[in-house]
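Line by line, the protein sequences are chains S and W. Each residue of the first sequence is one higher than the one before, counting from 1 in this note's numbering. Each residue of the second sequence is one higher than the one before, counting from 1 in this note's numbering.
To be clear, the hints were calculated from the coordinates, so they are not data collected in a lab. Here the structure is a predicted model, which is why all the values come from computation and not from measurement. Treat each hint with caution, since some may be false.
Because identical chains share one entry, a pair is satisfied inside a single copy or across any pair of copies.
In silico DSS-like pairs for lysine-lysine, Cα to Cα no more than 27 Å straight-line [to be verified]:
(1) 145 <-> 71
(2) 72 <-> 202
(3) 202 <-> 71
(4) 71 <-> 134
(5) 135 <-> 202
(6) 202 <-> 145
(7) 145 <-> 72
(8) 202 <-> 134
2 protein chains.
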Amino acid sequence: MQIDVFSTVGEVRSEDLTQKTVIVIDVLRATSTIVSALANGSVAIHPMETVGQARAFAMEDTLLGGERFCKKIQGFDLGNSPLEYSPSVVAERRIVFTTTNGTRAIHKSLRGETILAGSFLNGNACANKALQLKKDVVIVCAGTKDHFALEDGLCAGYIIQRIRENAAQVTNVGDLGVAMYQAYLNVHGHLAETLLQCESGKRLSRIGYQDDVTYCSQVDLYTNVPVLRGHNPLELQND
Amino acid sequence: MQIDVFSTVGEVRSEDLTQKTVIVIDVLRATSTIVSALANGSVAIHPMETVGQARAFAMEDTLLGGERFCKKIQGFDLGNSPLEYSPSVVAERRIVFTTTNGTRAIHKSLRGETILAGSFLNGNACANKALQLKKDVVIVCAGTKDHFALEDGLCAGYIIQRIRENAAQVTNVGDLGVAMYQAYLNVHGHLAETLLQCESGKRLSRIGYQDDVTYCSQVDLYTNVPVLRGHNPLELQND
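Starting from the given sequences, assemble the full structure and let the hints guide the process.
Following this line, the structure appears as structure tokens:
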């Protein structure tokens with residue numbers, strides 16, 4: 001099994017994804033929020049690239065969630081804080097969801113054979129699902145506006161560690177994956193502090209979302225794996 | 001002082017480099033070879049982007065060195081193995097030099113205020129030179145054909161570690177730099193083994209250059225820092 005990591009969405013070409021299992025990671029905060037919402041009883045998340053598409057698709061019984069500039073979008077029900085997506089809010093609900101980097105990364109990954117949403121919150125479950133699928137794995141770090149984001153890279157490193165530890169077969173990891181794996185091993189004892197000090201963590205803390213950063217640095221809080229299904233609209237549901 | 005790392009040449013835009021100290025890294029093998037040649041008495045290295053330019057510029061008293069597909073170019077005096085650039089071969093000589101990734105990375109870095117060639121062989125000296133220059137630092141990992149190369153990232157991590165340890169002022173390191181720094185810390189006890197297992201290391205070993213990989217993984221063997229000077233032709237000389 002080959003495992004490769006892309007440091008930003010911009011780097012990914014469709015041909016890199018064909019017949020692969022793609023794990024999209026946006027730790028701060030889109031995929032952490034998606035994992036939490038589905039863990040808390042939401043029946044489906046519809047990822048949309050633009051605010052206009054999200055508004056157009058929203059219906060009476062759906063919740064509208066997401067962010068621009070890290071803040072809740074005007075008229076939306078929810079922002080991009082995973083803490084907002086509690087069972088009392090999201091249980092049994094469909095959520096139309098758009099964020100700056102995360103939902104874009106999902107849309108750029110459509111050529112993959114199976115597309116999973118990964119985060120620290122469900123890293124081990126994601127690794128096990130990828131192993132079950134028995135395909136080569138591409139991990140797409142969403143990043144921040146075409147720049148690498150440390151939290152996504154470290155999460156890629158964690159998922160690689162879990163795949164390697166649980167794999168029966170030999171895994172071959174590309175150079176960027178090895179770097180992320182080694183970096184993760186060196187910080188895993190103080191993950192929350194590391195995330196609070198990275199660029200996105202500092203930005204979110206400055207505008208009042210420090211608790212989100214701490215929450216998103218929890219490893220394996222959940223065992224659900226959001227899998228992308230359907231077309232028009234796309235939907236993420238628990239596997 | 002701000003320190004940023006670019007994972008490949010392709011990512012770098014000229015405006016990222018203006019007024020910065022740029023450290024170009026191609027551990028396997030261009031910058032390791034440049035550092036070694038100048039440490040061994042070569043008076044200047046002229047980096048050329050193409051084989052044609054190198055041939056056109058070569059004169060009777062210059063050596064022609066470099067590679068394509070990791071091998072010595074037909075009609076050239078020397079390949080890209082640092083072990084070829086011994087004192088008896090290069091002392092007092094000018095070398096016209098072209099490689100697939102390293103010399104291209106140097107040419108893409110011309111907008112920097114000062115351009116240095118870095119490697120594990122001179123990492124500490126490079127860090128100290130960057131500190132003396134008192135400018136923000138951009139580390140350009142040459143990579144391999146627009147893909148990240150682990151050995152370059154780890155060397156960036158090492159240079160960041162040396163800058164941080166020797167800096168009187170506070171240093172702020174971008175996310176990719178932090179990842180490389182953490183990865184370096186986790187492998188620094190077994191650097192040669194790590195380089196032999198990375199993609200370039202395996203490729204070079206397969207075609208008989210395993211000794212080059214081991215040689216290039218030596219930390220601070222030299223104290224010289226190649227600095228880019230001149231125009232038409234460019235030349236790298238010891239600081």
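(request) State the violated hints by number, sorted upward, taking the hints as numbered earlier in the document. (result) Per hint list: single violation, 4.
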